[in-house]
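There are 2 protein chains.
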Amino acid sequence: MTQNKNHYVIIMAGGIGSRFWPVSKKSFPKQFIDILGTGESLIKQTFNRFTHLVPEENIFIVTNKDYAELVQEHIPQIKTSRIILEPSAKNTAPCIALANLHIKSINPEATILVAPSDHLILSEIKFIQTAKVAISFAESNPSLLTLGIKPTRPDTGYGYIQFNKTELQDGIYKVKTFTEKPTLDIAISFLESKEFLWNAGIFVWSLKSISNSIEQHLPEIHQLFAELDVNAPNYHVELEKSYAQCPSISIDYGIMEKDDFVCVLPSEFGWSDLGTWKSLWDVSDKDPYQNALIGKNTHAFDSKNSLVFNDTDKLVVISGVDNLVVVESQNVLLVINNEKEQEVKTVVGAIKDQYKGKYD
Amino acid sequence: MTQNKNHYVIIMAGGIGSRFWPVSKKSFPKQFIDILGTGESLIKQTFNRFTHLVPEENIFIVTNKDYAELVQEHIPQIKTSRIILEPSAKNTAPCIALANLHIKSINPEATILVAPSDHLILSEIKFIQTAKVAISFAESNPSLLTLGIKPTRPDTGYGYIQFNKTELQDGIYKVKTFTEKPTLDIAISFLESKEFLWNAGIFVWSLKSISNSIEQHLPEIHQLFAELDVNAPNYHVELEKSYAQCPSISIDYGIMEKDDFVCVLPSEFGWSDLGTWKSLWDVSDKDPYQNALIGKNTHAFDSKNSLVFNDTDKLVVISGVDNLVVVESQNVLLVINNEKEQEVKTVVGAIKDQYKGKYD
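Chains as they are written, first to last, in the working numbering: chain P, 1 to 360; chain R, 1 to 360.
Please keep in mind that the hints were generated in silico from the structure rather than gathered at the bench.
Possibly wrong hints are sitting among the right ones.
It does not matter which identical chain is used: a pair holds within one copy or between any two.
[Said to hold, decoys possible] Heads up, simulated DSS-like pairs for lysine-lysine below, C-alpha to C-alpha not over 25 Å straight-line: (1) K258 x K304; (2) K340 x K304; (3) K286 x K340; (4) K356 x K132; (5) K345 x K79; (6) K150 x K79; (7) K352 x K165; (8) K65 x K165; (9) K26 x K352; (10) K296 x K25.
These numbers come from a predicted model, not from an experiment.
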């Protein structure tokens, strides 16, 4: 199957997955981990998935400069010109603006799909079909399109997208609002209304459309990057300067919530952001008592609804417990309530303060 | 203070504390562990305690031959003649019969206190006072005396001693029955009746009385040991033979439950058998949320009623949990419900079967 040479993918791989601590950490973020125990890291899965959508040389990975070697190790076939290194973490808007700059230098007619590197997608075929519909729409419409996941439960850990139920074309709708993580009551009402989708952070647009929107809504970022030439000899020095001045802002907050012509394609392809230990438990194979045991030498006796993630050679035994997450990593043991998985961020913050970053 | 030269102590140190797995194990049993984090192993605490009761050279430690070096390491001042090595584990009756043989060869007029090596006693002064009353009684009465702990809660992990409420002398009563571990309902009724005490496995008797009782109730064991001479050149060979033929039986079941003249001294000296992780939690210092954190680098967030025992250098974090026991040892992580601590034995059995003793 030949791929369209105007179609590009930006894989964003600069995050550190702090709610997946202690396995995911600053020095070895979640996207580089074989979190599901399948033998492949999430970033490798993500890259391989997109080779079915666009020409391999049209896949760019944007990551922090600290992770350059990790990316090459996990995806040895990628050309170094396709690894875009951020001098520092500035959230998703600058990351996308930077990648746009690189793509523009090659192909100003590009249509681009932007996706995180550390999510789970179970139905690869459905995903590719959906992505093709989205790219086709974005090629012929000056719109910012996002893939919205049809929710299967009132999850309070996700952002939601409300859409206008009048179909535009090809199953695509105009977005009414983006909302932050809701309370459980609100999440339940979202689900019942059938007007809300999970925000998966997967975007599709033409290079021209997103560039225009950045110029309009984030003029400061537009200006900083407009001055850069990726082929100039002093590019890296200038990039450092631009990034140092660049505000840290998400594409959702900076663009999607503010633009007039934002659309959504309601989708189903077995998606999880794998944002928390609970979300890993949700998608993992479980024993008859709903225990997910990941890693060697893990045993559950008289236990239920629990996750054991063993990243060591140690024998790990749980007995008589319910709703527990046990994460045994090389230098940290974390035991948390499976229902309170959002609290990991608080824990990480407190540990960071006390140990001055030793366990980051 | 001069000690009476006729007074002896037998410390039984052959057990493996399997309910304290994975920290206590066959290769390094509980009595050799600084389980409370005080800087002293339980056997060292036990030995030191008895130096306030009898002459130091009158303290014998009976242990498995495999633990000879551990005993010498923990109690370097003990003479090797005071360490009695069992060829194999045969429960408490043979252990006591063997120690009697050694004491008889030195002093047939001995009065002996027998105690486990791995229990906790918080009120040392009260314990010594109580032990002196018991020894004095046993010197002048042909009785088998046991120290019974006044129960403070309906514990279902202990055996109980029922006594006849007519005092014999010095706060000592005749025993009516010994009972096995009760159900919670029965334990509550025991507590209310005020007729029941915890069986602490601490016995006091004259060498003559216990020897007579063994001859009467355990004639097979009596016979096997009667033929041994601890000073004979072939003693160790003969001991091996005797032990190989010796039945495995407890002093409680073999003697105490069958003898006619068994007495009990109701006692209070801050005792715990430290038989389970729950019992360690019971006696440990706790934070305001009733968490006991033992070991380096242990942290509890939003948690209560839990025990963390960290025997490694790892960072251990619990968050959002209740009633949990987390034991991080060098090669095993155990996470159990604090209310189901008796289940550890089942777990250890299953792990032993599966891993063929690797984690014993």
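Structure-based check of all given hints:
1. For the identical chains of this complex, K258 and K304 are neighbours neither inside a copy (45 Å) nor across copies (45 Å), given an alpha-carbon limit of 25 Å.
2. Taking the shortest Cα distances, K340 and K304 sit within 25 Å of each other both inside one copy (16 Å) and across copies (15 Å).
3. For a Cα distance limit of 25 Å, the shortest separation of K286 from K340 qualifies both inside one copy, at 20 Å, and across copies, at 23 Å.
4. Taking the shortest alpha-carbon separations for K356 and K132, neither the intra-copy value of 46 Å nor the inter-copy value of 55 Å comes in at or below 25 Å.
5. Within a single copy, K345 and K79 get their C-alpha atoms no closer than 35 Å, and across copies no closer than 56 Å, so neither meets the 25 Å cut-off.
6. When the C-alpha separation of K150 and K79 is checked against a cutoff of 25 Å, the pair qualifies neither within a copy, at 35 Å, nor between copies, at 76 Å.
7. Within a single copy, K352 and K165 get their C-alpha atoms no closer than 45 Å, and across copies no closer than 61 Å, so neither meets the 25 Å cut-off.
8. Taking identical chains as interchangeable, the C-alpha atoms of K65 and K165 are never at most 25 Å apart, the minima being 43 Å within one chain and 80 Å between chains.
9. With identical chains, the CA atoms of K26 and K352 are at most 25 Å apart within one copy only, with a shortest distance of 11 Å there and 38 Å across copies.
10. In this assembly of identical chains, K296 and K25 lie within 25 Å of each other by CA distance both inside one copy and across copies; the values are 21 Å within and 22 Å between.
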